[in-house]
Amino acid sequence: MLAITDQPLLELKEISLAFGGLQALDGVSFTVAPGTVQAVIGPNGAGKTTLFNLITGFLSPQSGRVVFQGEEIQGQPPHQVARLGIARTFQLVQLFDYMTVLENVMVGRHRLSRAGLLAGALRLPWTSQEEVSIRERALEELQFVGLADRAHQPAAALPLGLKRLLEIARALAAEPTLLLLDEPASGLDAVETERLQEMILALRERGLTILLVEHDMGLTMEVADQIAVLNYGQLIATGPPREVQKNPEVIAAYLGTDWQT
Amino acid sequence: MNPRKFLNPWVLFGAAALLTAGVLDNDYYLTLINFIGIHALLVVGLNLLMGYGGQISLGHAAFFGLGSYTSGILTATYGVNPWLALLAGLVVCGVTAFLIGVPALKLRGYYLAMATLGFGIIVYIFFTEAHKLTGGPSGLAGIPSLSIGGFKLDTPKRLYLLIWPVLGVILALSANLVDSRTGRALRALHEGETAAQSLGVNTAKLKLLIFIWSALYASLAGSLYAHTLNFIAPSSFGFMFSIKLVTMVVLGGMASIWGSLLGAAVLTVLPEILTMFHDYEVIIFGAILMVVMIFLPRGLVRGLKDLWEFRRYKKEGGIIG
Ligand SMILES: Nc1ncnc2c1ncn2[C@@H]1O[C@H](COP(=O)(O)OP(=O)(O)O)[C@@H](O)[C@H]1O
Ligand SMILES: [Mg+2]
Chain A
0 MLAITDQPLL ELKEISLAFG GLQALDGVSF TVAPGTVQAV IGPNGAGKTT LFNLITGFLS
60 PQSGRVVFQG EEIQGQPPHQ VARLGIARTF QLVQLFDYMT VLENVMVGRH RLSRAGLLAG
120 ALRLPWTSQE EVSIRERALE ELQFVGLADR AHQPAAALPL GLKRLLEIAR ALAAEPTLLL
180 LDEPASGLDA VETERLQEMI LALRERGLTI LLVEHDMGLT MEVADQIAVL NYGQLIATGP
240 PREVQKNPEV IAAYLGTDWQ T
Chain B
0 MNPRKFLNPW VLFGAAALLT AGVLDNDYYL TLINFIGIHA LLVVGLNLLM GYGGQISLGH
60 AAFFGLGSYT SGILTATYGV NPWLALLAGL VVCGVTAFLI GVPALKLRGY YLAMATLGFG
120 IIVYIFFTEA HKLTGGPSGL AGIPSLSIGG FKLDTPKRLY LLIWPVLGVI LALSANLVDS
180 RTGRALRALH EGETAAQSLG VNTAKLKLLI FIWSALYASL AGSLYAHTLN FIAPSSFGFM
240 FSIKLVTMVV LGGMASIWGS LLGAAVLTVL PEILTMFHDY EVIIFGAILM VVMIFLPRGL
300 VRGLKDLWEF RRYKKEGGII G
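Protein chains in written order, with numbering that gives the first Met the number 0: chain A, 0 to 260; chain B, 0 to 320.
Calculated directly from the structure, the hints in this document are not laboratory data. Incorrect hints may appear among the rest.
Over 10 angstroms on every C-beta distance to chain B, these chain A residues come out as not near it, computed from the model [stated by the list, open to error]:
1) 12
2) 29
3) 33
4) 149
5) 170
6) 187
7) 203
8) 216
9) 238
10) 240
11) 251
Examples of chain B residues toward chain A, derived with CB under 10 angstroms [to be verified]:
12) 178
13) 208
14) 237
15) 254
Short derived list, chain B residues pointing at chain A, Cβ under 8 angstroms [what the hints assert, rightly or not]:
16) 146
17) 149
18) 153
19) 154
20) 179
21) 193
22) 197
23) 198
Glycine residues also receive a C-beta, built at the ideal position from the N, C-alpha and C atoms.
Bound-form chain A, shown alone (with noise of 0.2 angstroms):
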């Protein structure tokens, strides 16, 4: 068990990537251990969300390795990403709008549950049976993030705070080794974002591992057990919250900006 522990659930080794002339990620290292929360901050347009993008498939790094429970996925397809265990939610947020609250988080069954076209289409009792299965995770999942009682609106017509809330069950309905929460609280006003730590704490409680990037500097130093600073792509500061906040570098980086809130 403790060899597991040791090793990294997620290690980027000297990731680079650039759009034309823009080089939006800069030979990126750091490792993320199992169970741990770590935030990835730093100034608009740093790189976090391409970071993500690239850990999750949707983009292939021109240099450098993503390894993931040891083994390399750079390069792969997202949802080959998706099926080893990894899951997240987008900084704009991207539901399923037409289909119900509950059936969003249905979705996120998806990797876990088999029935394919034809068994679909001819309704065999086992899938059935999976439907079955698969409705009273995704209500679980709605039940922790607080949604059941909108279980049958559509997506579309929830306020933003709560769109957010619905994209974690959905992600977490696909029960992720790790997951990558892009900004989760912008929107969501002061209760919101109360919520929102109590789950993120939860969920680390329950053994997920989780990415966050994030602006709300109140509730990153709250949640995170170790910090990635981001500046122009480049990695300028890892480690515990508290160090990093006093880090010379970081504060020059966000000069003018906040850190209390």
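Here the structure of chain A is known, so what remains is to put chain B with the ligands in place on it, guided by the hints.
Leaving out everything else, chain B with the ligands in the frame of chain A:
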């Protein structure tokens, strides 16, 4: 028993179909109803692809034609058993859809629309030019009727008793599919391909699968069509017919199984009632497409339901939020 249980569309469908079989004995109407059934098969398939999956095909008539001609040629020219020929049509269409779909579906946006448009034109030219095989523009005659255990399906009534039960089964399969794991993935792919992929949906494979699936419906419809008319000609399978099918989908309602049936029914019957249809077909179908898109973007079935609910709401003094 809850009386509302009997008011579900399946019960109504079954009752109407049985009533028709029992009461209606007019060959003209039965023939028309048979064509509605054949069109509905095509439209449900296209709706799965377009309405649910969000992939536009402008060459669906080509699959209808391939199914038709495979059945027609194998039976009329080579004397193959019609049921075997029908299966052969499915294979031909499935393989063709696979070959077209693999390159076309890899690309996003309107590439599938373009590719299927081109495909439809090529297939149409093939039907007209390959005289030896297809009989050319004057068509292919002498296609035998289907028969079940020596019972020949050569009257409109008998054909009705084949076509509509087949349609019932296909509608049920489609409704099941839409409401299954794969159906959800399909709708998810339509509404947010990125998000669907991030949850493990292999969207490229799913697009290909549903494209092939809808081509199979078209092939089945094509074979039934060939054995219903006993004669086929290229003009039934041209670009105009592909557009008609798209119009039926849009009119009935994108992503609506029952809408598909309604769209097929309305646009099969209208041209029969309005003889002027034949001269201005292109204009009328274009106009219907436009008007529906603007005023009933969710199609007839949902549009009317919305209207109904709106009126009830007003009657009850509710406030529309
Ligand atoms: N697909 C893309 N094409 C071109 N430039 C991009 C693309 N995605 C991101 N960028 C650029 O890369 C930089 C990093 O963006 P991003 O990763 O979104 O930053 P962050 O999430 O840290 O705010 C920005 O300058 C952005 O404009
Ligand atoms: Mg970002």
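Hints violated by the structure (listed by number, smallest first): When the structure is compared with the hints, numbers 5, 14, 16, 17, 18, 19 turn out to be violated.
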